[in-house]
Structures are given as structure tokens and as C-alpha cells.
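Trainee: Listed in order, the protein sequences are those of chains A and B. Residues in the first sequence are numbered from 1 upward in steps of one, following the numbering used here. Residues in the second sequence are numbered from 114 upward in steps of one, following the numbering used here.
FYI, nobody ran anything at the bench for these hints, they're computed from the structure. There could be a bad hint or two in this list.
Far from chain B by the CB rule (all over 10 Å, computed), these chain A residues [stated by the list, open to error]:
1. G16
2. N26
3. G28
4. D38
5. S39
6. F64
7. A72
8. H73
9. H77
10. S86
11. A87
12. S94
13. V112
Here are the computed lysine-lysine pairs in the BS3-like style, where the Cα-Cα straight-line distance is at most 25 Å [said to hold, decoys possible]:
14. K67(A) to K36(A)
15. K165(B) to K41(A)
16. K9(A) to K40(A)
17. K9(A) to K71(A)
18. K19(A) to K52(A)
19. K182(B) to K165(B)
20. K40(A) to K116(B)
21. K44(A) to K22(A)
22. K116(B) to K41(A)
23. K116(B) to K44(A)
24. K41(A) to K22(A)
25. K36(A) to K223(B)
26. K41(A) to K71(A)
27. K71(A) to K36(A)
28. K22(A) to K67(A)
29. K40(A) to K71(A)
30. K223(B) to K40(A)
31. K36(A) to K19(A)
Computed spacing ranges between beta-carbons, pair by pair [to be verified]:
32. E171(B) to N17(A): 38 to 48 Å
33. E179(B) to G16(A): 50 to 60 Å
34. R129(B) to D18(A): 43 to 53 Å
35. H153(B) to K44(A): 43 to 53 Å
36. N79(A) to P189(B): 43 to 53 Å
37. R206(B) to S65(A): 28 to 38 Å
38. T213(B) to T97(A): 35 to 45 Å
39. K40(A) to R206(B): 21 to 31 Å
40. K116(B) to K40(A): 17 to 27 Å
The beta carbon of each residue, even a glycine, is placed where N, CA and C say it ideally should be.
Now for the letters of each chain:
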Amino acid sequence: DTAVSQTPKYLVTQMGNDKSIKCEQNLGHDTMYWYKQDSKKFLKIMFSYNNKELIINETVPNRFSPKSPDKAHLNLHINSLELGDSAVYFCASSQSTGVTGYTFGSGTRLTVV
Amino acid sequence: DAKTTQPTSMDCAEGRAANLPCNHSTISGNEYVYWYRQIHSQGPQYIIHGLKNNETNEMASLIITEDRKSSTLILPHATLRDTAVYYCIVRGRNAGNMLTFGGGTRLMVKP
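Working from the sequences, and respecting the hints, build out all of it.
Mentor: Written out as C-alpha cells, the structure is:
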């Protein structure tokens with residue numbers, strides 16, 4: 001069973017389109033995250049949701065809108081895609097209480113052409 | 114959260130121990146040291162974490178100095194599959210304390 005699963009794994013789309021990436025975790029965690037890894041390989045946090053509520057929103061364009069329908073899901077919707085949005089996006093989850101580590105998904109490689 | 118400093122890259126011979134250092138001189142008393150690794154094209158993988166005592170699990174050992182200003186991740190018998198970028202991260206235990214990644218150490222295990 002995959003602990004944190006993301007779909008799709010690859011996404012190629014044209015500039016200006018709107019796309020969504022889905023994430024689901026079956027670990028019973030109460031906090032989920034989206035990270036972006038650009039071509040320089042730096043991993044940057046974008047959003048954090050705890051019990052379906054946004055708790056962290058780093059400096060991310062408002063074209064990016066996360067949505068958490070329940071604790072097990074955190075989807076990322078991106079409007080008006082730009083070339084600079086090309087990156088690998090990782091979803092992760094953790095339990096807010098305690099000191100357990102994060103569990104990451106395998107990533108979604110987004111290419112905007 | 115405190116910042117960490119790691120060497121950009123290291124090599125290790127297959128079968129030997131890989132010792133990856135990390136400096137975190139500004140760590141505060143309630144912050145933990147975490148290690149993750151990212152194998153090419155995969156999501157980051159949790160390895161180990163500790164507060165002040167040395168820790169060991171099936172993947173690695175974590176040695177934290179008494180003053181907690183530095184630590185070393187030890188892979189006792191490195192294999193080619195351990196080639197990855199290793200991240201040392203300091204993080205508080207509150208929900209608002211995010212896992213913030215730096216540049217990490219690119220470990221190359223060579224035959």
C-alpha cells in the first residue's frame with residue numbers, strides 16, 4: 001500500500017492552462033504539505049494544511065490554490081500555468097503531535113511548454 | 114528553526130562506512146536533528162532523528178555531540194543504492210515548525 005500517493009506522475013501542458021495535482025495519504029496523519037523542487041534541486045515548502053485548515057502559505061503566487069476536502073487529501077490546483085511553474089511537486093504528510101518525520105510522495109513532474 | 118551546514122558532496126567506497134557531518138551551531142534546546150535522503154527522481158525519505166542522545170535504526174546511526182552543535186549520520190556499510198542527496202534538518206516539535214531543506218550533501222558511493 002502506497003502511504004502518500006500523487007497523481008499524475010507526469011504532466012505536460014501548455015502555458016495558460018489550468019491543471020490539478022492530487023494527493024492522498026493513508027497514514028492517518030493530520031497534516032499535509034506541498035513542496036516544489038525546481039531545476040536547481042532546492043526543495044521549498046509551498047503550503048501546509050492541518051486538519052483541512054491552511055496553516056502555512058509561503059510566498060506562492062495566488063495562481064496556486066490548495067484544497068483539502070478531508071484530512072487524507074490535499075490537492076493542488078494551478079491556474080494560468082507559466083513556464084516557471086515547471087518543476088517536480090511533492091506532497092507529504094505528518095502527524096502534528098509528536099516528532100515523527102514526514103512521509104513524501106513520489107512526486108509529480110510538471111512541464112509547461 | 115536553526116540553520117545547518119553540510120559539505121556539498123562526498124565520496125565513499127562501497128562496503129565502507131559513510132560518515133556525513135552536519136553543523137547546527139545555533140540549535141535550541143527543543144529542536145530535533147532530522148536526516149532525510151533523496152535518491153534521484155524520488156521523494157525525500159526519512160532516515161532518522163534525534164534530540165541529544167545517539168540514535169540507531171535499521172538504516173543508519175546518528176551521533177550528536179554533547180553540545181548539540183553538530184551531528185554525524187553514519188551509514189555503516191554503504192552500498193551503491195545509498196547514492197543520494199542527504200539532508201540534515203533542524204526542526205522544533207510544534208505543528209508550525211516546517212521541515213526546511215537546505216542544499217544537502219550529495220553522497221556518491223563508488224564500487
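Trainee: What are the numbers of the hints the structure violates, in ascending order?
Mentor: Violated: hints 12, 15, 25, 26, 29, 35 and 38.
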